[in-house]
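**Q** Protein chains in written order, with this note's numbering: chain A, 107 to 542; chain B, 107 to 542.
FYI, nobody ran anything at the bench for these hints, they're computed from the structure. Among the clues, some could well be false.
As the list claims (entries may be wrong) - A few chain A residues that don't get close to chain B, going by computed Cβ distances all over 12 Å:
#1 Arg-298
#2 Arg-386
#3 Ala-471
What the hints assert, rightly or not - To spell it out: a stretch of chain A is covered by chain B in this simulated footprint if at least three of its residues, at any positions, have a beta carbon under 8 Å from a beta carbon of chain B; those stretches are:
#4 183-192
#5 517-523
Because the structure is a prediction, the values reported are computed rather than measured. All C-beta atoms in this analysis are idealised placements derived from N, C-alpha and C, irrespective of residue type, glycine included.
2 protein chains.
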Amino acid sequence: MTYTKDYPRIVIVGAGFAGLYAAKELRRARGLKTVIDRTNHHLFQPLLYQVATATLSPADIAQPIRAILRGAKNFQIFLSDVEEIDIEGRQVRLSCARTFSYDYLILATGAQHSYFDHPEWEEVAPGLKNLSDAIAIRNRFLRAFEKADQAVDIDEIRALTTFVIVGGGPTGVELAGSMMEIARNTIADEFRNIDPRLSRVILLEAASEILPAYPQQLRVKTVQMLQRIGVEVRTLAKVTAIDAHGVSIGDAKISTRNVLWAAGVRANSLGRQLGVPLDRAGRVKVGPDLSIPSHPEVFVVGDLATVVDAKGQQVPGIAPAAIQMGRYVARQIIREANQGVLAGQLERSSFIYSDKGKLATIGRASAVAQIGGIRASGWFAWILWLLVHIAFLIGFRNKLMVMISWAWSYLTWGRGARLITESPNDKSSADSRQTA
Amino acid sequence: MTYTKDYPRIVIVGAGFAGLYAAKELRRARGLKTVIDRTNHHLFQPLLYQVATATLSPADIAQPIRAILRGAKNFQIFLSDVEEIDIEGRQVRLSCARTFSYDYLILATGAQHSYFDHPEWEEVAPGLKNLSDAIAIRNRFLRAFEKADQAVDIDEIRALTTFVIVGGGPTGVELAGSMMEIARNTIADEFRNIDPRLSRVILLEAASEILPAYPQQLRVKTVQMLQRIGVEVRTLAKVTAIDAHGVSIGDAKISTRNVLWAAGVRANSLGRQLGVPLDRAGRVKVGPDLSIPSHPEVFVVGDLATVVDAKGQQVPGIAPAAIQMGRYVARQIIREANQGVLAGQLERSSFIYSDKGKLATIGRASAVAQIGGIRASGWFAWILWLLVHIAFLIGFRNKLMVMISWAWSYLTWGRGARLITESPNDKSSADSRQTA
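Build the full structure now, drawing on both the sequences and the hints.
**A** Set out below in structure tokens:
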């Protein structure tokens, strides 16, 4: 044998789609497998916007990593941040000061928001990447109506009930549709001093069209569906300033107290420690086998990596691609471990991304879908969207809970998780008035 | 008419059981009704311990106040803290600086933890009163096992997997039973470096018996059931010190990193502003009609009040009593408003508490119940407990979700909400070790 011990030590950092599916595939592998994540759960990110818009509870789209890997042999799970990677020494140092040596390293720490050259926008325009973000957005969104109901100044009420979403990708589209529906339907009759139906939801996109990764026909359909439910879609709208009072697009200013950021992501900073070339978004440029140059034992997968596959496709930053990458690297490791050779001593087949299609919801019973050559929109695409998301959710309980939540929301127009959980409202937007 | 306007202005502060059921009863009353709460939801407190022990999600036991009162005429709902009550001027001033005048005031702001003369214990021994508390306890409880799995010192591991609950009332009993079950069943096989089955759960009670409000026979049963699942019950155990390293009972010290406080409550401080006599726990001493001396227009209900009813019963601080108090005062107001007289000008019947019984769960398929002359324990009491709690939960969706969560937990021994949601673990309890 050629390992330090008589089995390979495999360390996986990050239990998102790429890391988790690598770990699941490695259940049947020899060796000691260590999964390191900063949270105790795998998060089903495609439904995170539904936590932000009060339809689902955090637990519905999260599953404990330990529960997923229960019964799998030779796994250890570590709740920690990673502080440092020593590529030459083949060690990972955790923020709890412990160090793991590895024979194989799978890095899958994903991406976070990027505000480009405006880090100061983060404070006023939160993004949506994890459960804390989702709860913070939910609190802000629901509290805006409470504040508007207490306000007396009409301009203040307008600013409080204007919601601006920056970025016309799938997340922006889904947030916009969902927020408009809540304002127009769910809470429409619940306020005495304001009419939530008069709320504005504005979706801003800097490019000439929203959903750039989708076919032209579906982009047009999406705009039509968004406009039908009342969302204002503005393209070629490059945001130049954001503050607590509004958003500027060049000279034009939208007065709002609620800006959400869905415009850009950048890879996790761990990639920088590898000393290998990165792209502009900080993603690691990996080889055709998803390993880094000169280190066949170090794989980078999911949103942390950028790769053009053997068919010449730029692999997109979406869940199905991450799952495929995770499974692919696990299989390379298993093959080498089974033959007892060191990393990279067998020739590896190149990773090929299999494009299963794209799906995005716009709102109640409307979605767009592209699957192979088939393009669909409206009700049929929505049913497809429901089925695919239920199928990929992990855990029977979560599938059941999400299905029931959706059925209930569909039948009643309600939202099941309309909680404001932070401390009581600050005094910024309220003012003194004698009330009968 | 005798009001300032030609209808009474009714202000309700607090939308717990007492305040909410008063508001629901007042749906059919003339007048403008204002409900003020610091959160946007009514919380079903009897199941709060199940959020703290990862069985239920916050949204399952909370319902937006606006949704509950949707469609009710002449209601306004205000999300705010109350800053000041001017009894003589008949005004309530909110923390958002707005002021409401009233013809009737219903105060129902409930109770919070009391650490008696040791406010410094709050930091190390959190209590369970609201959703933030429950999430904080859940995070601490689940994180303790993660830290233990990462620790190397055996004493440290023991301290991390020892859970001490101070206070043997229903909340303490329910927390203890639930935590023991999670350690022994739910997560028993999920750790590599520790065996959660070896965890200790210790329930401390200063008095000579736990569940003092229950009949002797059921108290004995409860201790037996707790011991059968592994909980250590210690009575006559008066806690003399709590710090980050453990709990002292006189000279004896229990080394633990996890102390929960379920020992005492004190009424919300708003009661002190009324200038009327309070009891030792800060509760307002109200008259037989639940109003305060000389102010028939000011009612105090729920856990904020202390009252011996016309039958000589001390009304207990539990949900059914709060509901009855809320409904009773609403009916007094409706009767006076219908006749167009000022508060207190009609003779009021005295409040009489109707004791429907007591219920507490110990764990899986075991509970104790006293209903009228009937005393039950074990499986039958547990079914009764389930049915009563489902019946009183507000909202069809919540009833359904809670039933499914319970059925799933019963069948799989799992817990549906095992999320650690705070930031990654601190470095306090981990240490450096080279791991293969």
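**Q** Each hint should be assessed against the structure and marked as holding or not.
**A** The hints, checked one at a time:
| no. | hint | verdict |
| --- | --- | --- |
| 1 | Arg-298 | violated, 4 Å |
| 2 | Arg-386 | holds, 28 Å |
| 3 | Ala-471 | holds, 20 Å |
| 4 | 183-192 | holds (count 5) |
| 5 | 517-523 | holds (count 4) |
Going down the numbered hints, you'll see the structure goes against just number 1.
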